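As given, the protein sequences belong to chains E and H, one line each in that order.
Position 31 (the first sequence) corresponds to 31 in the numbering used here; numbering is contiguous.
Position 172 (the second sequence) corresponds to 172 in the numbering used here; numbering is contiguous.
Keep in mind that a hint or two might mislead.
[To be verified] Taking CB as the label site, the calculated pair distances span:
1. V9/H with R87/E: 43 to 49 Å
2. S62/E with R131/H: 29 to 35 Å
3. L97/H with P67/E: 55 to 61 Å
4. V9/H with S83/E: 40 to 46 Å
Simulated from the structure, these hints should not be mistaken for laboratory data.
Computed from a prediction, not measured in an experiment: that's the story for all the values here.
Even glycine gets a Cβ: it sits at the ideal position worked out from N, Cα and C.
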Amino acid sequence: MTKRYYLGNSELMVMLALLRLGEDAYGVPILREIEERGGREVALGSVYATLGRLEEKGLVSSKLGEPTPERGGRAKRYFRVTSQGLREVCETKRALKKLWQGLPQLQGGSA
Amino acid sequence: MRSSQPPIVATWVLTHFGNWNEVLAGDLIEEYRRGRTVAWYWRQVLMAVLVGCGNEIRTQKLLTVRAVITGWAALILSNYLISLPLYRLYSRAMVALGLDPRWFWWLHYYTYPRMFVPCVGSFLSGWLVARFHRTYRVTMVTVYAVSVLLTSLPEIFRLATNSFSNSRFVPYLLTYSLTECLFVVSILLGGLRNTNTESSRSLE
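Just chain H, same shape as in the assembly:
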């Protein structure tokens, strides 16, 4: 039997990423309770998010470009100021403990935390983009995160192609993909935390 409650994750996505969020969510819940399917609900949510972001990008082209530039500048800067010193500190700590972080670092449990180091910078860059683009922060942070994701696609594609011919590349592919995902998620977390308080602007 189908639950009268619509998919929680979909509603969360809509209220955090969409425009007209609360009103639209109410409409979708009403329709869902009248018998629409889960697939219909998800389709409507994803379309609402896409249409909302698309509209804002179309009407705020300059702001979108500025958001992407701001994000990348913050990312590069944080790489030099935060990530690299943290890497060095981490490597020194590993050496002091008698461990060698350079040796197949993706295969050793004690070197996994290295994957989280760049996330500090990406979290901050996401936060900064949101800070400078408060009115359209959901769209601007999302566009910036997508731009970061797009730059990693060629390498993911290369590793995926290599993995087909040689299974030796599979761990590289998994580690790289996981790191990139963490990277993008931390941008979104930095930029979109507490979104609910501001994203209800369409109700005002």
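Extracted from the complex, chain E is given alone in its bound form:
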């Protein structure tokens, strides 16, 4: 059996946030998306660390935007999911779904 890479919890959350945000995916919206949908406060530094890791693996790509005054003259960095990244998300979903199925403890939504 070949050993393959699956996305971790934080990586998956970031990837899903990127897919939801589309073209407007930079630090602040990604953070808000994870906080609102994930229901927990996250550190922006952790989000960027995850994004850096994903970029190294070729699962996301990034480009620098224009500096804006409301950010103290600092530029935004926009991220998007690559086709390889999209494949990984689907693969991880498939694997999780398989693990999920047939668990009596999770039937009926009581768990």
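Got chain E sorted already, so can you dock chain H onto it with the hints?
Showing chain H alone in chain E's frame:
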């Protein structure tokens, strides 16, 4: 009323010690201006610095070990080559002026400069660590500085315990703690000066 300007010190810490510094600082400023609190801003900055350093230590284990060894070797060497001769010179100057630097040196104004002598060596050791680890210098210098700080903790703890039972030890505790702080600060100053010019690597 809350200022629209985020805490300057926190932003300085982030841009000098963190990764993704400029982009991340921009995001934090944007969020702060939308109503986040000062505590939130500080929490995010400290987390960013910790996560950034932690990541680099995890991915560069050997470099981290090398940085600590380099720093300690430079520190020990500078102690023999710089600090001890400077101490001797200083003591001779004190004796020549009719002052006795050996007598309760921590209590006399004219002997306070002695506390700064080891800082020369620690400044140089910090600089050397930064010089040999340019790409990850913030993390490497910080790890080295923390390793120095950790070695002084047992003595600080001992003096603190003694100070509780006998107030005679309080000046010892204060002087030792102050010297160690100066020591660590000079390592950071030596290693992290002009950090801004190189630390924006994540923007490249």
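Here is what the structure says about each hint:
1. Distance hint for V9/H and R87/E: a CB-CB separation of about 44 Å, consistent with the stated range 43 to 49 Å.
2. Take S62/E and R131/H: their Cβ atoms lie about 30 Å apart, and the range 29 to 35 Å holds.
3. At roughly 57 Å, the beta-carbon separation of L97/H and P67/E lies within the given 55 to 61 Å, and the hint holds.
4. As the Cβ distance of V9/H to S83/E is approximately 43 Å, the hint placing it in 40 to 46 Å holds.
In the structure shown, no violation is registered for any of the earlier numbered hints.
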